[in-house]
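Undergrad: What follows is each chain in one-letter form.
Number of protein chains: 2
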Amino acid sequence: MREFLVLFNHAPTSPDRVRLKDLPGSGRFDLVCRVTTQALLYSHGVRTDTVVHLLLRGPDDPPKTITVTGRRVRRLYPDERTTAIHLRRALAADPDTEPHPGIFVRRADLEDLLGEMKGAKLYYLSEDGRDLEEVEPEPDAVFVLGDHEGPTPEQDRLLRRHADAVISIGPIPYHADQCIVILHRYLDVKRPPEYAHDPSNVM
Amino acid sequence: MREFLVLFNHAPTSPDRVRLKDLPGSGRFDLVCRVTTQALLYSHGVRTDTVVHLLLRGPDDPPKTITVTGRRVRRLYPDERTTAIHLRRALAADPDTEPHPGIFVRRADLEDLLGEMKGAKLYYLSEDGRDLEEVEPEPDAVFVLGDHEGPTPEQDRLLRRHADAVISIGPIPYHADQCIVILHRYLDVKRPPEYAHDPSNVM
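Same order as they appear, the protein sequences are chains A and B.
Letter by letter, the first sequence follows residues 942 to 1144 of this note's numbering.
Letter by letter, the second sequence follows residues 942 to 1144 of this note's numbering.
It should be emphasised that the hints constitute simulated quantities derived from the structure, not laboratory data.
Note that beta-carbon positions come from the ideal geometry of N, C-alpha and C, so glycine has one too.
Any given hint could turn out to be false.
Said to hold, decoys possible - So these bits of chain B aren't anywhere near chain A, every CB distance computed over 12 Å:
(1) 942
(2) 984
(3) 1004
(4) 1008
(5) 1015
(6) 1029
(7) 1063
(8) 1076
(9) 1082
(10) 1090
(11) 1091
(12) 1112
(13) 1117
What the hints assert, rightly or not - In silico DSSO-like pairs for lysine-lysine, Cα to Cα no more than 30 Å straight-line:
(14) 1062(B) with 962(B)
(15) 1059(A) with 1131(A)
(16) 1131(A) with 962(B)
(17) 1131(A) with 1062(A)
(18) 962(A) with 962(B)
(19) 1131(A) with 1059(B)
(20) 1131(B) with 1062(A)
(21) 1059(B) with 1131(B)
Claimed, not checked - Just the calculated beta-carbon pair ranges, DEER-fashion:
(22) 1053(B) with 1057(A): 51 to 57 Å
(23) 1035(A) with 1033(B): 29 to 35 Å
(24) 1033(B) with 1059(A): 51 to 57 Å
(25) 1135(B) with 1038(A): 34 to 40 Å
(26) 1033(A) with 1105(B): 49 to 55 Å
(27) 1040(B) with 1079(A): 20 to 26 Å
(28) 1001(B) with 1016(A): 38 to 44 Å
(29) 1001(B) with 1013(A): 26 to 32 Å
(30) 1012(A) with 1093(B): 32 to 38 Å
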């Protein structure tokens, strides 16, 4: 399984903070949405082997982790607005529930998530890491990355301690959603996925 | 210079067809927006060496080509909604104008654009093409791709006739915006860009 864990230290954790007409001004919720869709969608299909964890630590009710699983998710469309509506519903739901098929919400911070991921290969993306093609990460692994402001120094230390390798994916900095697209394609070439097409679930 | 030409045969050409609350239902205008931003933005910066041409052929006033140049564009943000507002304004403007800095609109169909691009290296993306890493495209080139429904048979024939090579970029089909991210990163590694950082123009 491919897993992505993305740290959003300023993204909102209460639904009233997510304004559909101003997702960038809503703690960069536009980026949270694009990370979700780029992790889980390819052309006309859902990546059923992929899971994305969105660690949200902004106001008013942090921390919350929203986990979206490709195997279970329904009605995930590639645009930001409908994704924001799904994720906002998750922020309105009680923790430890699945308010939409394949979208889970719970109280979990980075330490909790790293504890759960023990045993998995873990790669941390950072501009000072080793080249992707040199590290050759496994397709079955967890990839951890920060948002546009990056992890805190404390999170950075924790991640370097847990990571099997620190990876840089190119000579310039990319948006988190772009990093995910680049990683996916690298792993797709390494081991081509065999997705069963389900036309009922995509656009 | 890197150029991307993306064919949207169903995307609207009149501004009233672009509904901000339903970009997917607006002839997949969400994809038009993501193609624009993924072509021109990296983390905290604009790709000043890149140009994207959006060939729109849907209702009610086709064809229109919107060209966005990284060197000139201002206030381009990574979210779909503000990009849709910029592009909708271009659809409302008279042809052969620049209604927003760096965003040009004109009457031009595929034949016109291919005529203008004569002399440039031209690569056409198609699932039956040769592997990206085998073709090794030049960074200074035009990359042509279709949207989620692909080019028409006539466009396909025209593009195969003009292309220096037909490229496949991976073992599964990707969204047009994902293809652009993958191509950019391939070219970035091949020849690292040196972008001057302009903090006034990005988020």
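Undergrad: Is residue 1076(B) truly not at the interface, in the sense that its beta carbon sits beyond 12 Å from all beta carbons of chain A?
TA: Residue 1076(B) clear of chain A: closest Cβ-Cβ about 14 Å, beyond 12 Å.
Undergrad: Is the distance from the Cβ of residue 1035(A) to the Cβ of residue 1033(B) consistent with 29 to 35 Å?
TA: 45 Å, violated
Undergrad: Quick check: does the Cβ-Cβ distance between residue 1001(B) and residue 1016(A) fall within 38 to 44 Å?
TA: The hinted range 38 to 44 Å is violated for residue 1001(B) and residue 1016(A), with Cβ atoms some 30 Å apart.
Undergrad: Beyond 12 Å from chain A, beta-carbon-wise, is residue 1063(B)?
TA: 22 Å, holds
Undergrad: Do the alpha carbons of residue 1131(A) and residue 962(B) lie within 30 Å of each other, as the hint requires?
TA: Violated - the C-alpha atoms of residue 962(B) and residue 1131(A) are around 39 Å apart, more than 30 Å.
Undergrad: For the pair supplied as a hint, residue 1062(B) and residue 962(B), confirm whether the alpha-carbon distance does not exceed 30 Å.
TA: 39 Å, violated
Undergrad: According to the definition I'm using, a residue is off the interface if its beta carbon is farther than 12 Å from all beta carbons of the partner; does residue 1082(B) meet that for chain A?
TA: 18 Å, holds
Undergrad: Tell me if the straight-line CA distance from residue 1059(B) to residue 1131(B) falls inside 30 Å.
TA: 24 Å, holds
Undergrad: Residue 1117(B): least C-beta distance to chain A exceeds 12 Å?
TA: Not fine: 8 Å to the nearest Cβ puts residue 1117(B) too close to chain A.
Undergrad: Classify the label on residue 1008(B) as holds or violated, using whether its beta-carbon is more than 12 Å from each beta-carbon of chain A.
TA: 22 Å, holds
Undergrad: Can we trust that residue 1091(B) is non-interface, i.e. its beta-carbon lies farther than 12 Å from all of chain A?
TA: 10 Å, violated
Undergrad: Kindly confirm whether 51 to 57 Å is satisfied by the beta carbon distance between residue 1033(B) and residue 1059(A).
TA: 56 Å, holds
In summary, the numbered hints that this structure violates are 2, 10, 11, 12, 13, 14, 16, 19, 23, 25, 27, 28 and 29.
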